[in-house]
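Undergrad: Sequence:
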Amino acid sequence: MMLKAKKLNTYYGLSHILFDLSFEVNEKEIVCVLGRNGVGKTTLLRTIMGLTPPRTGSINFKDEEVARKRPYQLARRGIGYVPADRRIFPDLTVRQNLEIAQKPGTSGPNSEQWTIREVFEFFPMLVKLENRFGNQLSGGEQQILSIARAIVGNSDLLLLDEPSEGLSPLIVGDLRERLLALKNKGLSILICEQNTTFAFKLSSRGYIIDKGKILYQGTVDELNSDEKVKDCLAI
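Under the numbering used here, residue 261 is the last one in the sequence shown; the count climbs by one each step, no gaps.
Hint data in this document are derived by calculation from the structure and do not stem from the laboratory. Don't be surprised by glycine CBs; every beta carbon is placed ideally from N, CA and C. Mixed in with the good hints, there may be bad ones.
[Claimed, not checked] Label-pair distances were calculated between CB atoms; the ranges are:
hint, residue 1, residue 2, range
1, S84, G199, 36 to 42 Å
2, L40, D111, 23 to 29 Å
3, S164, K33, 36 to 42 Å
4, K32, P150, 39 to 45 Å
5, N157, A207, 21 to 27 Å
Could you put together the complete structure from these sequences and hints?
TA: If you want it as structure tokens, here you go:
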């Protein structure tokens, strides 16, 4: 088991946002969390990453309890987070964005470090952009760079928040293929999305949340054929 969360309750001040959420991600698995805007998807990822720690509940990552760890500690342990706003460094080049994220010590799923050269080989789009500044990149290019930056830190688990948002269909298709290739290389991926088509083509299992609660869960085929799920997601 790569990640297992049990009965997570997260608050913003007095506002109760996540209610007893329990879920898991296996090794070499892509799992999606689906729901409309504002239902708690981003808060869920922030909770896992230690940015908004849960008030109660447990988060087990690679057989270690990490619910009270800080974000930098989780990154060192192998969790990569790609937020919806990407947060690349606009005044650094593509290469510099990767260099600043590269670190020794934590081995990836194949006990090998990702080098910047390997990242460029895996994301060929970035090769011609190597010396371009972050603020000169398109939305799709920024998204690819954000994911590349996460894996050069030797992540075993990727947390992706709305990775397809605002991207052209061509870029979305390429992104899907790259994420599947990362899974085949041994990474586990948890994706929060509103784009059900994109998420279902990637994932093996999914969770549907609304108002901070899990309403449905199952395999992608089960969810895709459930009329109640379709009504919940308005698809």
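Undergrad: Could you check the hint for me, namely that L40 and D111 are 23 to 29 Å apart, CB to CB?
TA: Because 26 Å falls inside the window, the suggested range holds.
Undergrad: Taking the CB of S164 and the CB of K33, does the distance hold inside 36 to 42 Å?
TA: Between S164 and K33, where Cβ atoms are some 41 Å apart, the hint holds.
Undergrad: Starting from the hint 21 to 27 Å, judge whether the C-beta atoms of N157 and A207 obey it.
TA: holds (25 Å)
Undergrad: Does the Cβ-Cβ separation between K32 and P150 fall within 39 to 45 Å?
TA: holds (40 Å)
Undergrad: Lying within 36 to 42 Å: is that true of the beta-carbon distance S84 to G199?
TA: Given a distance of about 37 Å, which is inside 36 to 42 Å, the answer is holds.
Hint violations for this structure: none, all hints satisfied.
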